[in-house]
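Now for the letters of each chain:
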Amino acid sequence: MNHASAPPSTIALIGNPNAGKTTLFNALTGANQRVGNYAGVTVDIKSGETYTPHGHKLRVWDLPGCYSLRANSPDEKIALDALTGAIPGESKPDLVVCVVDASNLERHLQLTLQVLELGVPCILALNMVDVAERTGLRLDPAKLSEELGIPVVPMQANAKRGIIELKQALRFPFPNAAEHRWIDSSENPETSRRTFITQLCDLAARRPDSHQQTRSDQVDAILLHPIYGWIALLGIFFTLFWAIFSFAQIPMGWIESGQSSFAAWINATMNEGDFRSLLVDGIIGGVGGVLMFLPQIGLLFFFIGLLESSGYMARAAYLMDSVMAKVGLSGKAFLPLFSSYACAIPGIMATRSIDSAKERLVTIFIAPWMSCSARLPVYFLIVPLLLHEHEGTWKQALVLFGIYALGTSAAFFVAKLLRSRLGKDLNPGHFLLELPPYRKPQWSYIFRHVFDRSFSFVKKAGTLILGLSILLWALSTYPKSTTGDAADALTHSAMGRIGAIIEPAVKPLGFDGRIGTAILTSFAAREVFVSSMAILYRVEETPDPAATRKLLRERLASASWPDGRRIFTPLSLVSLLVFFIYAMQCLPTTAVVARESGSWKWALGQFLFMTGFAYAAALVIFQVGRLIGY
Amino acid sequence: MSHFLATDLEIDSAMTLNQVQVGCDVQIRVLSGPGCERLRDLGFCEQLQVRKLAGGRNLICSICGTRMAISRELAEQVLVSPIG
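Same order as they appear, the protein sequences are chains V and Y.
The numbering used here numbers the first residue of the first sequence as 3 and each following residue consecutively.
The numbering used here numbers the first residue of the second sequence as 52 and each following residue consecutively.
Quick caveat, the hints were computed from the structure, so don't treat them as lab data.
No residue lacks a Cβ here, since even glycine has one placed at the ideal position from N, Cα and C.
Below, simulated EDC-like cross-link-like pairs (lysine to aspartate or glutamate); rule was C-alpha separation at most 20 Å, straight line:
1. LYS328(V) <-> GLU124(Y)
2. LYS360(V) <-> GLU124(Y)
3. LYS145(V) <-> GLU167(V)
4. LYS552(V) <-> GLU258(V)
The following residues of chain Y were derived to be distant from chain V, with all beta-carbon distances above 12 Å:
5. ALA65
6. MET66
7. GLN70
8. GLN72
9. SER132
10. PRO133
From the structure, some residues in chain Y lie toward chain V, with a derived Cβ separation under 8 Å:
11. GLY94
12. CYS96
13. GLN98
14. ALA120
Just chain V, with the same shape it has in the complex (with noise of 0.2 Å):
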């Protein structure tokens, strides 16, 4: 056999969640690691290469963790896929690793068995062996590899034990499928699977006693607890919140003072044209204002993946079910929705892990009302002009806090309707929870999902975002006006031209047409407004964009309509702000909503509601507001 010049052989590794298959991942392919995003699949596999001890390549799938081939979600559907080979242009692996946690395997084998039953070659992986041997778990690897006709490698994969091991029973040519002799053809599957496991673990990991107490058991009872734990719950989140907020700071900063650096270089180093309007308009002020949110994203990243590895975020989804459950939805919906408040894309990738479908597109549907990071700088430039303060009070704080209440209180209310019109699910109350014992965080595995997350974000900056950077520049800079004035040269583009026809459209609310464009806008990225504005309102860029805000802040206060009277009284900004809490102003968000719901009608319909909702509540609150004299 050649196998050098044949295509490297793939293996695929699977296991119940929190088996450990990702660490052994990372220990076997080493920095080679990235992550694969199959078109039209819903969930990731991870694909790397490694070694065998002969330097065979070979290609390793790390599948997302599931408890059984039933597909019950759709991270199992995809494993399942993968393993029978339906994912398209990817064949069957040609050697399945089952990743199992040696202190459990009355309950991991039950997939291994199902594995087997596909008959693809397998080999167990025994994971964890020291958590088994720590709770006295007597382990015979012999006798289970003797018993389910595989070869087995005891391992602890975070230790990197039993790597070398597992690579050696890795090397050509692959074992034969075991046959599975517990089916048994008079019997339910089910029942032969289970009294096999029982007699195997009888036989080869014999447990002294399974209830003792553990200090994970120690801590849970404090942050279970009816009271303890809701205290602990809030204050963790809180704190998570304000880090997320206030560390940022910093970075932030470097992208913003690199940003204006760069477009000051341009400035100086090119003539005046078209050319250098579209890189530092177009070009740096689009992508990089939206490059500026990359510290929050990767925080939010680093402290999400904190939680989950250390094992707390199951206990948060198991306090927060009381909660959820009063509009319809499970404590599984409670990471996504709360992912969402840096940015919907990662929340609704995250609604993954919900079996119920419609629980899922409820999920889906209004997370993009907690409101996104992207929403806070057109808050920031609206708060302090309503309350005639400057930045960094504690009544802007309030308000702030208001604008997130008011956001997530009509979702939840979205929420309550929409799942009551879906239907009762099929099988109705199915919460169901693994409470991992309380781990060491993996750093290794917290940075390089940070990074992951961090890269496919400026990815989408560098192609999406770019391009609609480009349009809107060409809208708002064509045709040419003769003049050479900025706010001129924009009434007579297209997009001004647009601006004076939806001019009667948002009259109702309290708009003139500069806001109604700058709203129009804001429909590629929220953030945009802001720049619009200052467009529009002939502000004049200065290196710091507080002073910016300021000045652009005093030109708005003086604004006012051809009548004399002003454009931002405190009711038309309360629309203003109103506006933002509610509309669906994110094209990237609607592009992963048509993908994870699996229809663009889902999407349209969202954006369609949530843009119309926040039409029809900045209308009411304008017309109300100003029939009572405000």
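Use these hints to put chain Y onto chain V, whose structure you have.
Just chain Y now, kept in the frame of chain V:
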């Protein structure tokens, strides 16, 4: 109750996991209901021993050394009997 017989009488006399007191060890007798496939996947199989660690809206049980949180609706489908 040393040997499990699938008679109606025995199932009638068994209690659900909801009725078990916190801190008690019980043995799973029968799983019945729409959620039992999912329960088996997660390790709630006949013959296995469970300790109930906390009650309330969702129960916490220890099964094979793992802590699991399950809803009352699911716990209702797990019929158990005391060990003894």
